[in-house]
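Knowing the structure of chain A, use the given hints to seat chain B on it.
Same order as they appear, the protein sequences are chains A and B. So in our numbering the end of the first sequence lands on 326, straight run, no missing numbers. So in our numbering the end of the second sequence lands on 460, straight run, no missing numbers.
Hints were generated in silico from the structure; no laboratory data involved. Please note that the accuracy of each hint is not assured.
[Unchecked claim] Quick list of in silico lysine-lysine cross-link-like pairs, DSS-like style, CA-CA up to 27 Å:
id, chain 1, residue 1, chain 2, residue 2
1, A, 78, B, 426
2, A, 78, A, 113
3, A, 136, A, 114
4, A, 89, B, 432
5, B, 372, A, 86
6, B, 426, B, 436
7, A, 54, A, 69
8, A, 89, B, 395
Chain by chain, the residues:
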Amino acid sequence: MGASLNEIKTKIASTKKTSQITGAMQMVSAAKLQKAESHAKAFQTYAEKVRKITTDLVSSDNEPAKNPMMIKREVKKTGYLVITSDRGLVGGYNSNILKSVISNIRKRHTNESEYTILALGGTGADFFKARNVKVSYVLRGLSDQPTFEEVRAIVTEAVEEYQAEEFDELYVCYNHHVNSLVSEARMEKMLPISFDEKGDEKASLVTFELEPDRETILNQLLPQYAESMIYGSIVDAKTAEHAAGMTAMRTATDNAHSVINDLTIQYNRARQASITQEITEIVAGASAL
Amino acid sequence: MSENVMTLQVITPAGVVYDHHANYITARTTNGEIGILPNMISTIAGLEIDELKVRRPDDETHVDYIAVNGGIIEIKDSLVTIVADSAERNRDIDVSRAERAKIRAEKALEVAKAEKKSDEIKRVEVALHRALNRLNVSSHN
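Okay, chain A solo, but in the shape it has when bound (with noise of 0.2 Å):
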């Protein structure tokens, strides 16, 4: 019976406190998620539009592309922009990402000065600390529902490095948001800008006029496709951030709940156990007379 009555009853009211946190947290999680999933829909008409017209004026002439960042370069050295969350408690959304990115860089580097890292969230950033990996720029304490103000630091960032020629592409890694029970690790290419994948879709045959020229308008439009992408990507991310945190929240909500149960039944026998004792005790004593 080890425990007695009364650390059991600390017990269970301790854990009945915990769940009511968590239960909480679950609600918060539950709320954030679907601000999250509606936000990123709105940004979904943006992206696509920003695709588009990029498409349109990219596919409006067979020139190759003279533009530094559709420019494929010798790749000596690769970025990897990786999107964590700040906070724990979000179960396995952190060591997913961090896992896949660890073993993808062990897969394709053998030298440390072959990749750098921009670590988005304080887990990512402290994570490659402390294995001595070299981080070239990290940003903390990103709201819930980042705006494309607070984001455009970090995707300046990038696209400045990449101009600068610090490294020679740049992959974007993040957990993508399948639904509020799945998400999964993805790596995306950003930088150089490629339009290869979309073969199907058929060029558009339009001519357009260009205002003041294409070099101009092409310095104008590609910044804002990668920063469209990148921040796409944060969102996607932050989605699949709050539905980790929620499905995390509730497994301990439920878990607590089974400890309760176990703890009660445990109480009750002990209960029954002193009782039962005590009667033993008095018979005994009663007896002896």
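Chain B in isolation, oriented as in the chain A frame:
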């Protein structure tokens, strides 16, 4: 739909700001002001931070004003699409917020000029330009 109508969509990362029919639009591109009529030749151009004036087909006097912070305009098959970092209709502009942003930008500009940081000056000037543009557009109410 009558022939002399086009659709204007203004899209920002926060969603669709404006989606209506129009029969005449004026916008300021990097090359200068352009007027857009239905069935115009397909065009792509960069926009300045300025106002967008939209004449609506339902009424001769019905005009909407939209503050646009840069971005790109695409005209194709009588569909005008504007993608910008941010955009606001005149009736949605928070005047006191814009006023505060203007004062903040003016102060920051003084500081930046005193410290002679040319990057900072450029950045603040853009912010000031945006605030002034918003105020200007909201005055059409």
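A quick look at each hint next to the structure:
no. : hint             : in the structure
1   : 78/A with 426/B  : 37 Å, violated
2   : 78/A with 113/A  : 37 Å, violated
3   : 136/A with 114/A : 21 Å, holds
4   : 89/A with 432/B  : 40 Å, violated
5   : 372/B with 86/A  : 21 Å, holds
6   : 426/B with 436/B : 14 Å, holds
7   : 54/A with 69/A   : 23 Å, holds
8   : 89/A with 395/B  : 12 Å, holds
Violation of the numbered hints given earlier is confined to hints 1, 2 and 4; the remaining hints are satisfied by the structure.
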